[in-house]
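> Now for the letters of each chain:
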Amino acid sequence: MAGEDKPKIDLADALVLPSPDLADWLVVAPLCIGFAFGALCLMLRKDVRLQTRLAMTGLVLFFASTVGLFLNVLENGTTVMAMGRWLPPFGITFTVDLLGANFALATGFVGLAVGIYSVADADKSERRYGYYPFLLMMLGGVASAFLTGDVFNLYVWFEVLLISSFGLIILGSRQAQLDGALRYSFLNLVATTLFLIAVAYTYGIFGTLNMADIARKSADMSDVGPRATIAALFLFAFAMKAAAFPVNAWLPASYHTPLISVSAVFAGLLTKVGVYALLRLFMTMFPGDLPDLSMIIAVVAAVTMVLGSMGALAQTDMRRALGFIVISGIGIMLAGLPLASQTSLTGTVFYAMHSMVIMTALYMLVGIMGQQMGSFDLHRAGGLYVRFPLLAFAFFILALSASGLPPLSGLWPKIYLVKASIDVGIWWLAGAILLSGLLTTIALVRIFSFSFWRESPDGAAPADVRAIDRPGLYATLVLIAASIVAGLYPEPFIQVADRVAFELLHPVGYIEAVFGPTTAEAAGQTIEANQ
Amino acid sequence: MEVAMVALTGLFFTVSFYLMLSRHVVRIILGIALLSNGVNLTIFTAGRLTREVPPFIAPDANFPVEGIANPLPQALVLTAIVIAFSFFAFLLVLVFRAYQELGSDDSEKMRVAEPVDEPAPPMGY
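If you're matching them up, the sequences are chains A and B in order. Numbering of the first sequence is given in the numbering used here, commencing with residue 844 and proceeding in unit increments. Numbering of the second sequence is given in the numbering used here, commencing with residue 543 and proceeding in unit increments.
Because the hints were derived from the structure by calculation, they are not lab data. Careful: at least some of the hints might be erroneous.
[Claimed, not checked] Using C-beta positions, here's what the derived DEER-type ranges look like: (1) V545/B <-> S1065/A: 20 to 28 Å; (2) Q1338/A <-> P613/B: 40 to 48 Å; (3) A1062/A <-> A600/B: 34 to 42 Å; (4) V1288/A <-> Y560/B: 44 to 52 Å; (5) Q616/B <-> A882/A: 26 to 34 Å; (6) G1217/A <-> P657/B: 13 to 21 Å; (7) P597/B <-> P1360/A: 29 to 37 Å; (8) A603/B <-> R892/A: 54 to 62 Å.
Only a predicted model underlies this, so the values are computations on that prediction, with no experimental measurement involved. All C-beta atoms, glycine included, are put in the ideal place defined by N, C-alpha and C.
Based on the provided sequences and hints, a complete structural model is requested.
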């Protein structure tokens, strides 16, 4: 405990930090906005129109706060806020480095787009049963998971986003949803419980739950056996959350069942929380254990990306094909982790951003297509090109981008990842990335050619379709435009990803941001450094 | 004391994994409930078991006396209990609704989202 051998210190002063700067409040702004508006919408859930307006305001503010946070971190470096101003490692800290801010920014962007899309997608009864409160609280939970600097707190945010996602996935209560929700909730709950076991062991061995504190203690640790066990347990739990092979079966079993806007936000955000947690785990907390596990992660990544895109080829339902493409993207993100070089991590971070935007856009666009065709079944797809040439163009762009073809945003991170794996001579990983790109192209272009390039097999267009919802379509197009911009002008995106990779490879910066410039062991010295 | 707790935790995990391997959904949720309780015991044991002194600081002292009980694992376990309990309540309702709608608690017979005999995707125009 602090001050045990320094009885002169007044504990009230010693344990409390000075008040944070005004800009630092941005660290908790996404959390506060998400939950405040979620609670408001919950109270007003019977007034569907007012609730929708409030939710939109909340989502805009949420996005604005993540933009502000990102710019602040980009300019001032890692920002730390200790809850209750308790000195770390005693209080819960929110530690936002560029990695977390990056993911939070993508969360805000995707969340706003999904919110706009859902105005037409979620009907009145679904909104009355709490669509917007669940969405806002889930976004708050996802963003907080990216921002927190405490392992147990990360577990709590996992549970927060999980329970909100349960609410979202079950809205509508159709039979397939109940089945999908069962599989989704069982496996995700087991994954978070395994995560909690790993947290318990971490606490038992390190006596702390602060990520920066664990990082500096694990670096000094001579007996690596227990640490490697914990790292492996974390790896299993997070891989399950991220839907990596062989623990990915829950994703294609459930992601096609809920509302399409719910699928979109799940595909964009939830699996990436697992990827983020893996990056945080192996780059910040236990970098020493990565070499031992890197071969396993590399094989898992390669199998995940290839089997994911092969699974997409085997699907009749377009939404289920997209579920497998999400899995394939997870494999590509994981490929950068075991290589742990500047190039590979740049690729991973850039690909994660790309995938968050693109997978959401794909689900949203396929939702519009399915609604216009009256079915998501490839056997019954067709006839869309005559009616909506713009949709064809948008889907084609998305297909190219998700497959990593030029000139779109999927290309650059894949180049980085392939180069990184060839640099260290792991040719099979590079081959797997290229092969999965090819298979993804075939799967998506098949959806394209069946939906757009042939006559509808049922004859004329289904009679009772609504017109395309304009705001939802525009939200999708904005996401696609982001991919085009990042593809044609990748320089700023690569610079940011490059800096994130540098920070990940040098966790000293993360530790010093929490504990002050000197990595002092005694709490007393740390206090001086902080004042 | 630690040995007894570890054995108990191991028993919890064994029973819960056995139950979760079942095809019947009711057994799976019982397994999950046991798993979360096993984890709570793990956290408790990982925080070291002491039973001497409650963690209070005397009014005239700056720091607690030696050998106090560790309050942090109790806070962690409390959080975990609340979370696990709410999830269990949700799952219970979900399982009941699924049983009502799908008429079975056998997960092999509940395959509505992923039908077993789904046709292959179209092979050509």
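> Which of the listed hints are not met by the structure?
none
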